[in-house]
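Number of protein chains: 2
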Amino acid sequence: MTYRFSQKISALKPSAIREILKAASVPGLISFAAGNPAPEAFPVDEVREITAQILAENPIPALQYGVTEGYEPLIDTVRDWLREDYNVGGEGDAVIITSGAQQVMDLACKVLCDEGDTVLCEDPSFIGSLNCFRAYNAKLVGIPIEPDGLNLNALENALKSGKNIRFLYTIPNFQNPTGATMSLQKRRAVYALAQKYDLIILEDNPYGDLRVTGEDIPAIKTMDSDGRVIYAGSFSKILAPGLRAGFCIAPAEISAKMTVGKQTGDVHTSMLTQLIVYNWLTRHDVRAHIAKIRAVYRRKLNLMCDLLDEKLSGFFTYVRPQGGLFVWGSLPQGTDMLSYCRACTEKCVAIVPGSAFLADQNGTTNCVRLNFSTPTDEQIRAGVKLMREAADDI
Amino acid sequence: MTYRFSQKISALKPSAIREILKAASVPGLISFAAGNPAPEAFPVDEVREITAQILAENPIPALQYGVTEGYEPLIDTVRDWLREDYNVGGEGDAVIITSGAQQVMDLACKVLCDEGDTVLCEDPSFIGSLNCFRAYNAKLVGIPIEPDGLNLNALENALKSGKNIRFLYTIPNFQNPTGATMSLQKRRAVYALAQKYDLIILEDNPYGDLRVTGEDIPAIKTMDSDGRVIYAGSFSKILAPGLRAGFCIAPAEISAKMTVGKQTGDVHTSMLTQLIVYNWLTRHDVRAHIAKIRAVYRRKLNLMCDLLDEKLSGFFTYVRPQGGLFVWGSLPQGTDMLSYCRACTEKCVAIVPGSAFLADQNGTTNCVRLNFSTPTDEQIRAGVKLMREAADDI
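In the order they appear, the protein sequences are chains A and B. Under our numbering, the first sequence has 313 at position 318, and the numbering climbs by one with no breaks. Under our numbering, the second sequence has 149 at position 154, and the numbering climbs by one with no breaks.
Quick caveat, the hints were computed from the structure, so don't treat them as lab data. Only a predicted model underlies this, so the values are computations on that prediction, with no experimental measurement involved. Careful: at least some of the hints might be erroneous.
When chains are identical, the list treats them as one kind, so a pair holds in a single copy or across two.
[As the list claims (entries may be wrong)] Below are the DSS-like pairs computed for lysine-lysine, each with C-alpha atoms no more than 27 Å apart in a straight line:
| hint | residue 1 | residue 2 |
| --- | --- | --- |
| 1 | 158 | 181 |
| 2 | 380 | 155 |
| 3 | 134 | 191 |
| 4 | 158 | 3 |
Put together the whole structure using the sequences plus the hints.
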């Protein structure tokens, strides 16, 4: 029979990256295309020990239904941790535990946007979030991003002229895909613009703990005197993504609506996952763990960037990021970006076409995104060499 | 500040049942209000052993990102299991692994319904699903349910007169809340009507394995020669709900769209959960386990129903279900249903007002829902006694 799909889902293409991820499982292909955290940074022994203890001592809470907001002791722990370590969250805020940070984007859009409403986003931005907003039939308006964050003039112009703008989506730290970090000055200016135009900000911070150089910059949420920031965090990068654990801290009224949305979506996040995260946060030294994994990411980021400087100087132009998972760069004028990506695949190294990340699905760019966290050091060395060969061939 | 929420979420109330569940955690309160499976039916030792082995032998796949459709060996296992044990699924179908069966309802509605489209449902029906459809701004049209399933005349009239009907939502086995099971004859008639009116059927079967008497009846999906049935299954009742594992088998084209929807919702279901389910299905005798837990449910169902017959005959009128988790019954004419529920809560036994399950949120009924799987045998005895006292008091 012939199926009729909803308008919102009909227009949506599967994520180019996840399709490439599938291709990247071809034996021998080196993938700079993924966004996976470094598996050597997972605290495997701790997770094994914690899980064994949960299932030995008090298994039923890990296996029975829970409440939608999340496991209460975990909510309290996350709230205290955010306040103490990041100065994030105030009296009017409430935490909910989500099935990964992706679900925060889904729930925020669900509760804030009717079909046809506008979402402002950095351009380029994380395709998973952009597709999430598209799946609610939101209209995306991209604001160009610079090495120190959003272009403020473009943001104010969009706010002045836009209709039914429901929120601004931003990744201030080591943005995906550009690696750009928004300066403190710009964070303050963005918050001031949000106040001026009565705008809600959805601040997505999956990579903040993965800084490898420079000083941490306070989250926009730390400036949230009005209750206009929804802050999304993730355990995917500091613990393990396969567990699907994230969280949201937002004004209590918004969190309550998001909880209603989550109840109809997946009832609650896996209790086993939540108990693992709770025990990990309370029984292990998370700060020490973050310092340890920063060293892993620092080594890999510098290895890739040093090799890019050595082998691809003049061909791949980029700003070295201060953290995160990605390096974003442009190809020389006149080089066809998609042809270069295909040439790389033929050489057995996968990279992501920058066009995948544009707010306008028909837009063009000569940029590409590279990931340094998933490949091994050896694969980074071999892959950059193959990128050089592909550059020479086209 | 004042928040503006989407129309679809503004109208939605938190599930009355989950609110009651929270109240039911008051010490001393006996809850007949939950829908939790019996914890004594969880295969705790098996889960402990499987999980230890996963995290000892090959932990990275359990902790790293996976693909959206689900862990491939689990998909294959579920497909074979459905075909062999239930005669469900054909060549044109594809399985996806979901974060509980609730997510199947969410994804089906997301891919099939634009705002304002119509969903047909049994009336009363499972509030979690009804709220899920409401959260996409779908219009619900309820079809009265009888002890042997949907009223066929009402269904055909709705199909004749309705506009933009996208699917029929049905729970054919031990329906929530009524406990009704659709007869084989009606299943065939419903499928024939779906053919006549080119209708998609969303068949939700969370309780099918919990039959305590009588013969299993083939799923509507077994009759699906056209590819018009989306079948939702759950590991919540036969394994453990806290893991949040469910699945969907649907025509491949629909599954592909649902996968796109899931990608933007939660990326994929917990890999640790998926590996636990995979190992449980492949290394343990699932049929033997189901036979074992049926004995648990049989004892509890009969205990509650025998006591209801003894203590509440003439006050609580019901048809004894052949399985599932719930007993649904009506109060005498002239008894105010909500007053009786409140009187029960005052006596320290929680039951659910039947009005929570109506397609029309403003509808009325003199029915209530009782659950026998969560309370202990002792609590069932004490709770029915308290229900009698409440009946005498009002």
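Homomeric proximity label, residue 380 with residue 155: Cα distance no greater than 27 Å: neither (47 Å within a copy, 66 Å between copies)
Same-copy or cross-copy closeness of residue 158 to residue 181 [CA-CA at most 27 Å]: within (24 Å within a copy, 51 Å between copies)
Intra- versus inter-copy proximity for residue 3 and residue 158 (alpha-carbon distance at most 27 Å): For residue 158 and residue 3, both the intra-copy (20 Å) and inter-copy (19 Å) Cα distances are at most 27 Å.
27 Å Cα threshold - placement of residue 191 relative to residue 134: within (22 Å within a copy, 38 Å between copies)
In summary, the structure is inconsistent with hint 2 from the numbered list given earlier, while agreeing with all the others.
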